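**Q** In case you want the letters, here they are:
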Amino acid sequence: ETGVTQTPRHLVMGMTNKKSLKCEQHLGHNAMYWYKQSAKKPLELMFVYNFKEQTENNSVPSRFSPECPNSSHLFLHLHTLQPEDSALYLCASSQSGTGGYYGYTFGSGTRLTVV
Amino acid sequence: GQQLNQSPQSMFIQEGEDVSMNCTSSSIFNTWLWYKQDPGEGPVLLIALYKAGELTSNGRLTAQFGITRKDSFLNISASIPSDVGIYFCAGQLDDKIIFGKGTRLHILP
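Just so you know, the protein sequences line up as chains A and B, in that order.
Note that the working numbering numbers the first sequence so that position 95 is 254, with each residue one more than the last.
Note that the working numbering numbers the second sequence so that position 57 is 60, with each residue one more than the last.
If you're looking for bench data, these hints aren't it; they were derived computationally from the structure.
Computed from a prediction, not measured in an experiment: that's the story for all the values here.
By construction, the Cβ of each residue, glycine as well, lies at the ideal position given by its N, Cα and C atoms.
Any given hint might turn out to be false.
Partial pick of chain B residues on the chain A-facing surface, computed with a CB cut under 8 Å [what the hints assert, rightly or not]:
1. Asn33
2. Thr34
3. Ala51
4. Ile100
Just chain A, same shape as in the assembly (with noise of 0.2 Å):
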């Protein structure tokens, strides 16, 4: 497989259930990001990894928590949601060290629904 991949698509929890979403890249990048991407909004930055190390968390939940155990794999668990946190999860990844200056490469998504 190439590029960035995310599981599940889609992803339907109640407020009280605990799951993850997995990302993984095949394209060599050492750094990963989550963002959250809810209806008429703006792209939210996340976290960010820069080799497996965390180097940004954007005043996120606790709920929401990342793990990184290697540069090719992220995962965020989730654990007692809200319904306002229902929206497409996006993961991405780049070249660590150029800041982003060729673009992220972006995976599909997961769809959460928390009802």
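Position chain B against the provided structure of chain A, taking the given hints into account.
**A** Just chain B now, kept in the frame of chain A:
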């Protein structure tokens, strides 16, 4: 903080028409990027611009990096149904990419 003002927010056009959208900022950027997001998918990079004044084409798409480095435009010529989607501009500076709010393009049959 840094912000990008992208306009228009949405457009309704007839198939075959040309489209123009733009982004402006009070900040200077090193790189301007244009992405397209199809329904249910992630954004895909269309054009990257690296030099002030640069004009770059990708098929029916043409984009320019403004001379002041604070703005960019994207033109689409002779629109077709598959051009439907959300177009995002993005500026890169200081190890960050800032995204505009997007222009939603609708094409009437």
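**Q** Could you tell me which of the numbered hints above are not met by this structure, giving the numbers in increasing order?
**A** none
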